[in-house]
Amino acid sequence: MKRVLIAEDEASIVLSLEFLFDRAGWQVSTANDGARALELAREGKPDLVVLDLMLPVVNGFEVCRALRADAATARTRILMLTARGREQEIARGFDAGADAYVTKPFSTKDLMALAERLVAPASASGQAT
Amino acid sequence: VLGYLYFYLAGEAYALVSIGLISFTAVAQFAPAIIGGLYWKGATRLGATWGLCAGFAVWLYTLLLPSFAKSGWLPITFIAEGLFGTDLLRPQSLFGLTGLDEITHCVFWSLTANIACYVGISLARKPGATEHSQASLFVDALKQPSGTGSRFWRGSASVRELAALLARFLGPERARDALSGYASTRGLASADQLTADAALVHHVESLLAGAIGSASARVMVASVVEEEPLKLDEVLEIINEATQALAYSRQLEQKSRELEGATNELRRANLRLQELDRLKDEFISTITHELRTPLTSIRAFSEILNDNPDLDPQQRARFLGVVIKESERLTRLINQVLDLARIESGNAEWHTSEIDLREVVEDAVTSLSQVVKDRQIELAVDVPLGVPRIVADRDRLQQVLLNLLSNAVKFCDRQSGCVAVVVQHAGNMVRVDVHDNGPGVSRAEQEVIFEKFRQGGDTLKHRPDGSGLGLAISRQIIGHFGGRLWVESTPGAGATFSFTLPVRGARESPIPRPELQARIA
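Going line by line, the protein sequences match chains A and B. Mapping of the first sequence onto our numbering: residues 1 to 129, in sequence order. Mapping of the second sequence onto our numbering: residues 1 to 521, in sequence order.
Same shape as in the complex, but just chain B (with noise of 0.2 Å):
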């Protein structure tokens, strides 16, 4: 009908040899794709459209509308000075181009526009899957054997061959219980029976499935029954499997990398907590010791006294007294537990305010000339004038240098007892020493000396008085303040316990809480 309608419409200026070639050059415009289609892969359905569109464009402006025009529908001067009036659009001699007759200049450009689209867009976008696949098959469709449709198996072979694919991917032993299996839902006595048919194929590809990934099974029975060759989508399919599997486990590898370094650190905390949960066990243990001892003296001599009651007023006496010590200690014992617990915890009341050292030392010597005079011990004490003012809480400094003191004056020498306090001021430091002439403290025992409950001297022989504690508070309490303290000694030649505050900035600087390490060292 359109043959016709042209014909009638352009008959007239035209031979049917001429028309029949217009269409020709029309038909002429699917070649590309045509050929393209059969040959080459990277064709797209995209590129293949817009080649056709192209030449047909093409053609119609070039070939068929100048034929309107000479048959008189269309004004003669389009195809004298082209649209526009542009000289390079004149339709029979696009872009210049004279000197061939309309229908090959008509075929040379429409071809050129059609290939170029078609070769251009299909190279610009990569194919679908889909495309592809198809594409393979027209491509490649000489290549494909021929004798692969067939759906039957060579029998026994099969079954062996897909039991041991099984095997490969389950393990033996559950390849054969599925198999065994399996055999036994068909009514067949063992595994040796079952035939390769579609069914047991399709089982075992859902065996797989479970171990490898349905796609992968599908190309691992596929090797195996001698199916039809892959397709791209199964491949595309496999790949994304395998790189989700791969993206799952490098997951995993890192969780279970995070999952080690957490436990690590767990078993480092639990380490942790078991050793201090020794250490509490320990001073709870050390402690009740402490308090059972002079609970026990306590005990006996009011028993005694009790039980007794014709003791002479001399031995009565001596037992109270012993009763009166005793609980003085037990006192004594329980505050400094409970002062030592406070200041661990942070709980202790610290009344901070600038002192003057000198007068902290002196009552520390004034409260303990009694005894340094019955003992006819040797003090002399060095604070040079100006030394600066600190900040401390002025009780607990004397608290500490009265245990200092009364340790120096408990160790030194019996017979001529010699006890030293000096002062010093260096830097941004003041430094108090308090020597004496006692035995010393080997170095083993210079740091034990400040746990808990640990005497040094020579306690093997005689246990000194005192609850151990002293020590211990006294390092927190400098400690709190910015300070240091520790012990110089060479056996037999006495101790210098010394210990260091901050002349100026105490209250400025955060004041150090001592570390939990430190406390149990």
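For reference, chain A alone in the conformation it holds in the complex (with noise of 0.2 Å):
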């Protein structure tokens, strides 16, 4: 079973989120800051980490330094959510180590197909929608 993390701090897109991945048969856990999030990547190591960049305590840039950083979860697919869409901040993403960046707000079909072909075993990196 695929496994995600879902790292959101707003309690209503976290809802849907949730929704969407365990319809999709993903098995699911939820961290609402950047620091817990780290905690639950290194414990649960998920398949993908749907990382929203605003996050409390450590941000979504941080996390994802420190996820490839540690050999634990240097392999796990990250897919940057986040409301700032500027280029600048797509190109820090990238740089920190993301697989695929998504601006909010999202097309729910177009992020389930991302997350999939993230997780495929074939697939490669680097795709923004």
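The set of hints was computed from the structure by calculation and includes no laboratory data. Glycine is no exception: its CB is placed at the ideal position from the N, C-alpha and C atoms. Heads up, a few of these hints could be off.
To be verified - One-sided and incomplete, this derived list gives chain A residues near chain B with beta-carbon spacing under 10 Å:
1. Glu10
2. Ser12
3. Leu17
4. Leu20
5. Gly25
6. Ser29
7. Leu40
8. Arg42
9. Met54
10. Leu81
11. Thr82
12. Pro105
13. Ser107
14. Thr108
15. Lys109
16. Leu111
Stated by the list, open to error - To give an idea of the interface, some chain A residues facing chain B are shown, with a C-beta separation under 7 Å as derived from the structure:
17. Ile13
18. Ser16
19. Ala83
20. Arg84
21. Lys104
Using the supplied hints, reconstruct the complex from the two chains, each of which is provided in its own coordinate frame.
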């Protein structure tokens, strides 16, 4: 079973993502701040982390870098999710090691398709929608 | 002819010697001017002319006219009684001077008048430049060394000196270039072959003129080629040039100082604009983020509801509830942003009237009563009777009170919430305190929370509801009516948000437009 960690502080967005991934047959865990997200990622070793950039305590960029730096989570797919869609931030996201970058508000179908593609065995990296 | 005429007219009464002496006295009038001209540089033409005129006039009056009188051409009473019968003006004893023979008398008075006028007028007026130079030429004529008229300069020595002179004022490289350029136009291989003839001197002079002015150039070249000494005109011209240059340089200095000041001002203005621009960018970026967040939920749940018709009614209702809640949040946010923008740009509509603060407080408390009851918050309201009416916009003031009260309700203690509203009247101000027993606001956050999109409390763990614009708007509103909004808090012991409003005179006194700085702060 594919495992996803949703790191997002906006309760209603967490609710929608939880429902979507649950429906698609993923095992879902959630964290509403960056520190908790790192903790859960190291414990649960998810296949995918849906990572909001504006996270409290430890922001998304730092979580991303920390995940990449840790051998246990270095191969985890990271899908960045943010309400800030400026190009320089997208570039910064990829620099930090993200595999994909999605701007809010997103299409649920596209997001799920991207999530599936990211964890598919042949998948490489790098796609933004 | 004049002499003969005089001899013919007066001759019978005078000896030839006397006539000679009269003529000699006339000629003697030229003496002061000639001697002065030779030895006195300060003498002027005007002085000499007047001196001569005065001398001749006296001579005419004291010697020539009496001689005519004696010859019978004029009445003899002229000598005995003076002009118009005045004793003092008797021609041969002028001003009562007697005891001299007529020639000596005339010489004495005419020369006295002549010299007095000459010296007096010469001293009274400064000689012109031409006069001065002419005077120098005459007076110092004997001082000039005799050998300077020669136009032949000492060959190579002068070329070297001219080159050195050029180098000093044009810089060594330009001087060398100029000289070799000149040499090649003369068909010579190098500047060393140049001879210091008049053409070269002229060329050097015109080169120098470009750098130091023509008069100075002439002097410099002259000093090298040992030409005639300097003339006064030239010195004056040099001084003129120098004075002008000095004045220009002073003007330039002043202009440059002014420019420097203007530049500094521009730099400051530019920095300020950059800072404002950065703040604007930040604001836009924040607002975009704030708008995208509720929109994300609305879109996600709309799509979920659309794509999953099989949802159970309970879940369906829950998701629809989220959509509605987030839509409301979005609407509120847009309204508040527009509201704040209108207030900040001065375009907000204000319906100012005299209002009863007690009513406003009661209305605000009533509209929150449901939440207060639900969360079992103890709410105390203390508005003394006889609080003076104030001049403000009722709805806006209500907005402020609701904002402060709902903040208090939101942040007060979860288990035993306690909120108090206290109105006081002191001097020409009324003060409203809204107190809660929540976690309080740290000192660092006490100003930050009044900024746009900045929220206090424990945002690190959980972002509180609300747009983060409420306090910013409230501060603008209170500021508009001449009051102040601030917070006092000891972290852990609750917070008290207070505002003051002037009791009277708010209508008369100009309503202070909040400064841009204040808005940013």
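Exercise for the section: Provide an ascending list of the numbers of those earlier hints which the structure does not satisfy. Expected result: 5, 6, 7 and 8
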